[in-house]
Amino acid sequence: MIQLIINGQTQHFDSALNVAQLLERMTLNNKRIAIECNGQIVPRSKFEEQILADGDQIEIVVAVGGG
Amino acid sequence: MENLIIHDKEYSSRLLVGTGKYKSFSQTREAIDASHAQIITIAVRRTNIGQNTDEPNLLDLLPPSKYTLLPNTAGCYTADDAIRTLHLARELLDGHNLAKLEVLGDPNTLYPNVVETIKAAKILVKEGFHLMVYTSDDPIVAKQLEDIGCVAIMPLASLIGSGMGILNPWNLQIIINNTKVPVIVDAGVGTASDATIAMELGCDGVLMNTAIAAADNPILMAAAMRKAVEAGRDSFLAGRMKKQTSYNADPSSPISNTIAKRKNKVA
Numbered sequence: 242m243i244q245l246i247i248n249g250q251t252q253h254f255d256s257a258l259n260v261a262q263l264l265e266r267m268t269l270n271n272k273r274i275a276i277e278c279n280g281q282i283v284p285r286s287k288f289e290e291q292i293l294a295d296g297d298q299i300e301i302v303v304a305v306g307g308g
Numbered sequence: 348m349e350n351l352i353i354h355d356k357e358y359s360s361r362l363l364v365g366t367g368k369y370k371s372f373s374q375t376r377e378a379i380d381a382s383h384a385q386i387i388t389i390a391v392r393r394t395n396i397g398q399n400t401d402e403p404n405l406l407d408l409l410p411p412s413k414y415t416l417l418p419n420t421a422g423c424y425t426a427d428d429a430i431r432t433l434h435l436a437r438e439l440l441d442g443h444n445l446a447k448l449e450v451l452g453d454p455n456t457l458y459p460n461v462v463e464t465i466k467a468a469k470i471l472v473k474e475g476f477h478l479m480v481y482t483s484d485d486p487i488v489a490k491q492l493e494d495i496g497c498v499a500i501m502p503l504a505s506l507i508g509s510g511m512g513i514l515n516p517w518n519l520q521i522i523i524n525n526t527k528v529p530v531i532v533d534a535g536v537g538t539a540s541d542a543t544i545a546m547e548l549g550c551d552g553v554l555m556n557t558a559i560a561a562a563d564n565p566i567l568m569a570a571a572m573r574k575a576v577e578a579g580r581d582s583f584l585a586g587r588m589k590k591q592t593s594y595n596a597d598p599s600s601p602i603s604n605t606i607a608k609r610k611n612k613v614a
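As given, the protein sequences belong to chains A and B, one line each in that order. In terms of my numbering, the first sequence opens at residue 242 and continues consecutively. In terms of my numbering, the second sequence opens at residue 348 and continues consecutively.
By construction, these hints were calculated from the structure, which means they are not laboratory data. A few of these clues could be false.
Said to hold, decoys possible - Cβ-Cβ distance ranges computed for the label pairs, FRET-style:
(1) A/H253 <-> B/Y458: 50 to 56 Å
(2) B/T425 <-> A/N270: 28 to 34 Å
(3) A/E290 <-> B/P410: 25 to 31 Å
(4) B/N564 <-> A/F254: 45 to 51 Å
(5) B/T425 <-> A/R285: 25 to 31 Å
(6) A/I292 <-> B/V462: 35 to 41 Å
(7) A/E290 <-> B/E474: 20 to 26 Å
This one's a predicted model, so the numbers in the text were calculated from it and none came from an experiment. Every residue, glycine too, gets a C-beta built ideally from N, C-alpha and C.
Generate coordinates for the entire structure from the input sequences, incorporating the hints supplied.
Structure (structure tokens):
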């Protein structure tokens, strides 16, 4: 079981998963998002490759209105 | 009317607008369309976990094929946060390098922290970002940001969202006189005349958000701002008449050949 901190919230997962799987789990896989893991951008091309580890801090962002 | 050129790209509109504070996406889109703005700012924020399946996405409303999107670093108080935010924004926008850098110093006044802004700009420019940088109206800071390689300098006219207007035209004028890249007033515009005043000083453009979104009728205000920016630009290019400061008038009608006084006056 691993623990990930996603957008400030702690979430638990039965086993290790890659970024693509995480996004699918969160129904974000086809959305226009950008993702950072432990302070580093995870490019779209690496979503399948990058496996998340226990304690990883993840930021998932979208475009919103702003000035 | 010549175009605004920012880093080799031409824009016919000198009005740039933000997308915050609107009631709905459809109002946002209507206001942007009424403004004829081509450069549109957006912010980057955490997505809501668990409640997002059918929420429309702002990027669908503003396709990059039609608009030039300018992601900002609003809410960042350190150079590092601004840098991270623009990395995320670049990823979000498929490698798009044009961005608005702002690093704030204080949550009440939202005044820029120019020291952190300069720090962030040095790093981001090296990484290939084309920065339109929000700054104070300090001419030395503006020059430093230009020398670093920012593609536009965006001094505040007054506090973000305050609508106080162009508070220091003198500093703005110094910046305009000493900057080769476009100078775009960003922050503090409240009504159409503010935008016109900025353009008459010689600004290359005006960026505003609250002035339109918080108007009673945002769509009408957006159209007014479009005209205000155009009128200000044309006025600037037309070369205004000299302002007389001698307390002497200068008649518009000829002083010679006026009719003589008559004998049978009635008044």
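Evaluation of the provided hints:
| no. | hint | result |
| --- | --- | --- |
| 1 | A/H253 <-> B/Y458: 50 to 56 Å | 42 Å, violated |
| 2 | B/T425 <-> A/N270: 28 to 34 Å | 32 Å, holds |
| 3 | A/E290 <-> B/P410: 25 to 31 Å | 29 Å, holds |
| 4 | B/N564 <-> A/F254: 45 to 51 Å | 50 Å, holds |
| 5 | B/T425 <-> A/R285: 25 to 31 Å | 27 Å, holds |
| 6 | A/I292 <-> B/V462: 35 to 41 Å | 39 Å, holds |
| 7 | A/E290 <-> B/E474: 20 to 26 Å | 23 Å, holds |
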